[in-house]
Amino acid sequence: MSVPILSVQEASISFSGIPLFEDMDFTICEGEKICLVGRNGAGKTTLMNIITGRRELDAGERWVLQGTTIGYLQQEITPKPGQKVFDYVFEQLSGEDKHMLEYKVEQVLQPLEIDPDQQMDRLSGGQLRRAALARALVEDPDILLMDEPTNHLDLDIIEWLEGFLKSYRGALICVSHDKAFLGNISDKVFWLDRGKMKVCPRGFAHFEDWMIMQLEQEERELKNREKVLEQEVEWAS
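Whatever position you read off the sequence shown (first residue = 1), add 137 for the working numbering.
Think of the hints as simulated: they come from the structure by calculation, not from any bench. None of the values given here were measured: they were computed from a predicted structure. Check before you lean on any hint, since a few could be wrong.
As the list claims (entries may be wrong) - With beta-carbon atoms standing in for the labels, derived distance ranges:
id, residue 1, residue 2, range
1, Q255, N177, 31 to 41 Å
2, Q146, D291, 40 to 50 Å
3, D277, S151, 34 to 44 Å
4, Y240, E358, 19 to 29 Å
5, E250, I155, 37 to 47 Å
6, V336, S151, 37 to 47 Å
7, D291, E228, 38 to 48 Å
8, Q244, S144, 25 to 35 Å
9, I349, G204, 38 to 48 Å
Using N, Cα and C, we set each Cβ at its ideal position, and we do this for glycine too.
Please construct the entire structure, taking both the sequences and the accompanying hints into account.
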């Protein structure tokens with residue numbers, strides 16, 4: 138049985154008085170691999186910030202299992218002048234044998250093809266993204282949020298990342314325009330649609346068929362409501 142580690146209930150958020158989410162519910166369980174989809178402006182970044190706790194809810198409740206760690210691979214990285222890649226990836230690690238941690242860092246930097254002795258402020262944008270990806274993977278949080286992780290990655294590195302994430306012990310929430318990548322790593326879909334959260338219980342490879350079924354069901358329900366309304370109007374006249 139899956140163990141819930143984070144849940145949001147009856148959540149509402151507005152910007153300048155305009156609702157973005159209303160009465161939104163969702164739960165993240167141990168080890169789930171979830172892709173987050175929705176149109177531009179649907180609130181994917183806001184949802185990520187709700188999960189991390191950076192964005193407070195206007196209404197509703199956010200619950201996190203005690204001791205749960207949350208990591209976030211973001212788009213923008215501001216490097217420290219003179220800091221080496223290895224030190225950047227290593228700096229938040231603690232609690233294990235130092236040599237084991239160093240080995241863990243090396244095992245991630247090598248397939249990502251980053252020089253651990255390179256200075257962060259001399260890296261290209263794509264290399265900075267790889268360094269940030271390495272840091273997120275090495276930190277090994279219970280919930281890992283990833284925003285476009287395959288940007289600037291070659292096909293062989295994407296394939297390595299897919300394998301890494303499939304065996305990743307923690308839960309994963311991923312936003313990406315790479316549909317093949319999402320199909321290969323996910324076992325559930327969070328769909329932000331018109332201010333609501335809809336959950337597909339299967340991975341992204343099955344999402345389109347599921348979405349069509351949901352929209353067809355919604356259309357049937359709307360027609361049934363319209364028919365009932367017509368009957369009530371006829372009865373009242």
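To see whether the hints hold, each was checked on the structure:
no., hint, result
1, Q255 / N177: 31 to 41 Å, "holds (34 Å)"
2, Q146 / D291: 40 to 50 Å, "holds (41 Å)"
3, D277 / S151: 34 to 44 Å, "holds (35 Å)"
4, Y240 / E358: 19 to 29 Å, "violated (56 Å)"
5, E250 / I155: 37 to 47 Å, "holds (44 Å)"
6, V336 / S151: 37 to 47 Å, "violated (23 Å)"
7, D291 / E228: 38 to 48 Å, "violated (27 Å)"
8, Q244 / S144: 25 to 35 Å, "holds (33 Å)"
9, I349 / G204: 38 to 48 Å, "holds (40 Å)"
Taken one by one, the earlier hints fail for this structure at numbers 4, 6, 7, listed in ascending order.
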